[in-house]
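Use the sequences and the hints to build the structure in full.
Residue numbers (the working numbering), protein chains in the order written: chain C, 1 to 69; chain D, 1001 to 1187.
Do not take every clue at face value.
[As the list claims (entries may be wrong)] Covered stretches of chain C, as calculated for chain D (at least 3 residues, CB under 8 Å): (1) 13-19; (2) 22-30; (3) 35-41.
Think of the hints as simulated: they come from the structure by calculation, not from any bench. In this text the structure is predicted, and so the values were computed from the model without any measurement. Think of the CB as a built atom: it goes at the ideal place given N, C-alpha and C, for glycine as much as any other residue.
Here are the chains, one letter per residue:
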Amino acid sequence: MSEDNEASDAPELPADAQARIGARLRQMYDHVLQEPVPDRFMSLLNQLQANPLPGDGSQRGDDNNKTDR
Amino acid sequence: MTPSPEFRDGLLAEIPSLRAFAMSLCGKSDRADDLVQEALVKAWAAQASFTPGTNLRAWLFTILRNVYFGELRKRKREVEDVDGVHAAGLSVSGEQDARVDFTDFQKALAQLSADQREVLTLIGASGFSYEEAAEICGVAVGTIKSRLNRARVKLSEILSIETLADIGPEPSSRAVLSRNAGLASGA
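See the structure below:
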């Protein structure tokens, strides 16, 4: 919580090495990003939309807040 | 509250990013899609806790990484075994150059800790700020920065070792040897 310095325990990589890593990382990431959304997710969303969850409507709030932490 | 079509459209639009994030975390496309599916279901159930107009992607990434790390905790030993064996067993031959770069990099990523893969991806590929990444991971900004640096250093060590290993045979045994020999900046 307290250590707010950039690199407490290792020297920083040279900028060109950082850039190379970044480029390869993005190459991989963008590759997936450009794939079409698989059908299973369309079906899932349609299914979610069609079937309200058990307990939906009456209780919300307490239960939901837990999920994003 | 009835589910809003806007929320559904929002989820739909974020699926490619969620898949890319999940893939970077776990390295296997079928498992990545399972993670995305679970995150979507949870997000749907939790939509009342999302504030419209705030960063939906960050909110969804938080849910997905919590699913992933929750699973990881549950079967920690198993997962590390599988990843380790997977990484060591992949041999890379020089003929498939275009693909080598890609799998090589994934293999290197698999040798990092999940924390390190996460921070590298959030900052280096998804384009989140340090502050946003800290929020998503539930840690301090300073932790993100030092974690990121350590991840970069380790990844570059692994990658330079593998560049050397490409030249000759027996990449797996050589990787161990050259790591101990402290080869740092061969690339």
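How the hints compare with the structure:
1. 13-19: holds (count 3)
2. 22-30: It holds, with 8 qualifying residues against the three required.
3. 35-41: holds (count 5)
Against the hints set out earlier in the document, no violation occurs for any number.
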